[in-house]
Amino acid sequence: MCGIVGLHLREPSLHPRLGELLTGMLGEMVDRGPDSAGMAIYGDPTFSPAGHASVSVLGADTGLAAAAGALLGVDVTAIDLPPTTVLHAPVPAHELTAVIRSIDPGATVIGLGEEVTVLKGMGDPLDLARGFGLPAASGWQGVGHTRMATESAVTAAGSHPFAVGPDQCLVHNGSFSNHLSVKRELEAEGVQFDSENDTEVGARFVAKHLAEGADLEKALRLLGERFDGFYTLLVSTADSFAVVRDPIACKPAIVAETDAYVAMASEFRALAHLPGIADAHLFEPEPDRVYVWNR
0 MCGIVGLHLR
10 EPSLHPRLGE
20 LLTGMLGEMV
30 DRGPDSAGMA
40 IYGDPTFSPA
50 GHASVSVLGA
60 DTGLAAAAGA
70 LLGVDVTAID
80 LPPTTVLHAP
90 VPAHELTAVI
100 RSIDPGATVI
110 GLGEEVTVLK
120 GMGDPLDLAR
130 GFGLPAASGW
140 QGVGHTRMAT
150 ESAVTAAGSH
160 PFAVGPDQCL
170 VHNGSFSNHL
180 SVKRELEAEG
190 VQFDSENDTE
200 VGARFVAKHL
210 AEGADLEKAL
220 RLLGERFDGF
230 YTLLVSTADS
240 FAVVRDPIAC
250 KPAIVAETDA
260 YVAMASEFRA
270 LAHLPGIADA
280 HLFEPEPDRV
290 YVWNR
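Position 239, counted from 1, in the sequence shown is what numbering that gives the first Met the number 0 calls 238; the numbers after and before it change by one each time, with no gaps.
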């Protein structure tokens, strides 16, 4: 049992409240996943400064930013939010990521892009959110996850979101029963993994198909055809927000849609405090149907 929350803001006047609202949603899901948590924020000017790539890292060596800057020939800055370090540089995200991996191969990249910053840690999810400064964050989209580990060890690297493609995040409630066979297929095609988590396999599968030209709806339909198990997934990109459940809809999910936002959570109590919720269109996503909202 894990908890998923996500908020896609359509109304710009709500952007300054993104972190506040997402923190409130995450706090309602603590009992669904008390051992670790992660969150992704899109569009915050501190976490993702304009004109800069943002790369989130676990286990970063001291001096990584300076070493990366020396190799790239630009200023690389770092925000230290243990156990996550966020590095920024005015270069493409894949260039900064490659340099980080070459300098510090023991570190784990947990997020990259121009729009998104990913933060992960172990412990009480609400304490983590406050420690990361989430309540003060602004932006247009956010995703959060509280984890109750079932398929792999309790580590920061094993927590969600899994953000393995540029500006992409995937969070998951449930389990994939055939993830090891899919993982072997992906590894045979050159895909590398950072954890033993079944969710990472789903994220790598989606990222691969997006990189090959599929849109998000198509990538999630392909996932549904290849993966077995019980799941609710929330997937976000630089311009999209998507929800899908397995063919028997075993895992809970509820969506609230208004002119101002689309919000999704594992349970309604995570949505109850949102502005205008009394007038929102509320529904449970249908089994095996991909829902996509675009920016």
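Just so you know, these hints were derived from the structure itself, not from any lab. All values derive from a computational prediction rather than experimental measurement. It is possible that part of the hints are untrue.
Taking CB as the label site, the calculated pair distances span [stated by the list, open to error]:
#: 1; residue 1: M0; residue 2: P91; range: 34 to 42 Å
#: 2; residue 1: L185; residue 2: A237; range: 42 to 50 Å
#: 3; residue 1: E186; residue 2: D258; range: 29 to 37 Å
#: 4; residue 1: A271; residue 2: E184; range: 36 to 44 Å
#: 5; residue 1: D79; residue 2: A210; range: 36 to 44 Å
#: 6; residue 1: D258; residue 2: E216; range: 19 to 27 Å
#: 7; residue 1: A237; residue 2: G72; range: 21 to 29 Å
#: 8; residue 1: C249; residue 2: A277; range: 46 to 54 Å
#: 9; residue 1: A237; residue 2: H272; range: 25 to 33 Å
Glycine included, every Cβ here is placed at the ideal spot set by N, Cα and C.
Against the structure, the hints come out as follows:
1. Taken as a hint, the range 34 to 42 Å holds for the pair M0 and P91, whose Cβ atoms sit roughly 39 Å apart.
2. The beta-carbon spacing between L185 and A237, approximately 23 Å, falls outside the hinted interval of 42 to 50 Å.
3. Here the CB-CB span from E186 to D258 is close to 45 Å, at odds with the stated 29 to 37 Å.
4. Checked against the hint of 36 to 44 Å, the pair A271 and E184 passes, with Cβ atoms roughly 42 Å apart.
5. Between D79 and A210 the beta carbon distance is about 31 Å. The supplied range of 36 to 44 Å is therefore violated.
6. Separation of D258 from E216 is about 23 Å and conforms to the stated range, judged on CB atoms against 19 to 27 Å.
7. Distance hint check for A237 and G72: the Cβ-Cβ separation is about 26 Å, which falls inside the suggested range of 21 to 29 Å.
8. In this structure the supplied range 46 to 54 Å is violated for C249 paired with A277, their Cβ-Cβ distance being about 29 Å.
9. Remark: the range hint 25 to 33 Å for A237 to H272 is upheld by a beta-carbon distance near 27 Å.
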